[in-house]
Amino acid sequence: MRLLFLGDVLGRAGRNAVCEALPGLRARLAADFVVVNGENAAGGFGITEVICQDLLDAGADVVTTGNHVWDQREALVFIGRQPRMLRPLNFPSGTPGLGAGLFRAANGADVLVLNVMGRVFMDALEDPFKMVEREIMACPLKRGADAIFVDFHAEATSEKQALGAAFDGRVSAVIGTHTHVPTADARVLPGGTAYLTDAGMCGDYDSIIGMEKDEPVHRFLTRIPSGRFTPALGPATICGAFIEIDDATGLAASIVPVRDGAPLGGKREDELTSRAIAEWLEKNR
110 MRLLFLGDVL GRAGRNAVCE ALPGLRARLA ADFVVVNGEN AAGGFGITEV
160 ICQDLLDAGA DVVTTGNHVW DQREALVFIG RQPRMLRPLN FPSGTPGLGA
210 GLFRAANGAD VLVLNVMGRV FMDALEDPFK MVEREIMACP LKRGADAIFV
260 DFHAEATSEK QALGAAFDGR VSAVIGTHTH VPTADARVLP GGTAYLTDAG
310 MCGDYDSIIG MEKDEPVHRF LTRIPSGRFT PALGPATICG AFIEIDDATG
360 LAASIVPVRD GAPLGGKRED ELTSRAIAEW LEKNR
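My numbering runs 109 ahead of the 1-based position in the sequence shown.
Errors might be hidden in some of the hints.
Quick list of simulated restraints, FRET-style, between CB atoms [as the list claims (entries may be wrong)]:
no., residue 1, residue 2, range
1, 324, 246, 42 to 48 Å
2, 192, 299, 31 to 37 Å
3, 229, 201, 16 to 22 Å
4, 139, 232, 36 to 42 Å
5, 356, 186, 35 to 41 Å
6, 325, 215, 39 to 45 Å
Read the hints as simulated data drawn from the structure, not as lab findings.
Virtual Cβ for every residue (Gly too), placed ideally from N, Cα, C.
The whole structure should be built from the sequences, with the hints applied where relevant.
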C-alpha cells in the first residue's frame, strides 16, 4: 500500500497549492491513501467546513488537525458531521469529534488513523502514549487494521522521537507535525515503523513558519505586538512524506520525503520532488 501524507496546510497559499497539486500528485504516485493536516488552512488559524471539504474533494481521505483546530469556532459544530476530519485524540473526554478512525483505502485496505498531540511546551492534555496504546490495543496492526498511521502534532523533537520508538513495530508510521519546518531524519525504524520528526508545512517558505516576516521580527526585537500575524501569500512548497507499506506485515518498506515547489523543492540526496518520487517508483517497483 502507498500512503501519502502532507504536512500542515497554511493559509491561502498552502491550501491553493494542495488543492491544485493533490489530484495529479495522488495519480502520479498511485497513492492508495492520503492524509492531510489542515489545522492552519483558514488564514493560518484553524479550518472551516468549506476548506475541509475542498481538501477532501482534492483527494485527501482524512484531514488531521492539532492545537489550532478550534480557532474557527464553526469547527466545534461541523466536526460532528464530518467523520473524515480528526482532532487530537487526547483532548478531554466530551470534546466534539473523534481523534481516531478506521478508513478504507483505494486498494481495499483498512487504515487506522490516529491524530494525537504532544504535551511538552504545549497544552496539558491526556498522555499521548497512553492514548495511542489504547487505540492500537483495540485495533491492532494486521488483526484490526491493515495499516496504522499516527500524526503526532507536537513541539519537542524528543517527545516525537520517543513516541516513534515506543510504538516501533506496532504501527506503520509516526509522522510529526506542528513546527512547520521539515526535518531530515525520514527513515524506517528498526522495528519497521516509518518515522519523520516533522513533515513541514504546505505554505510559503519565504516567511516565518508561514507568516509574513515583519510582525514576528518586530515582536522578537521589541517584545511588543504591532499587529496580527498574517499568512504569507507567495508561492507555496508542498511538504510531506510518501510511505510504502508491506501488505503482509502492515509495516513500512520505505519512506521518502516530499518537497515540491520553491524554495525547498530541488533534488537533494535526502529529499525528492514529486517528479523524482515518480521516477524512483518506476525504478523500484
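Here is what the structure says about each hint:
no.	hint	in the structure
1	324 <-> 246: 42 to 48 Å	holds, 45 Å
2	192 <-> 299: 31 to 37 Å	holds, 35 Å
3	229 <-> 201: 16 to 22 Å	holds, 19 Å
4	139 <-> 232: 36 to 42 Å	holds, 38 Å
5	356 <-> 186: 35 to 41 Å	holds, 39 Å
6	325 <-> 215: 39 to 45 Å	holds, 40 Å
When the structure is compared with the earlier hints, no violation turns up for any of them.
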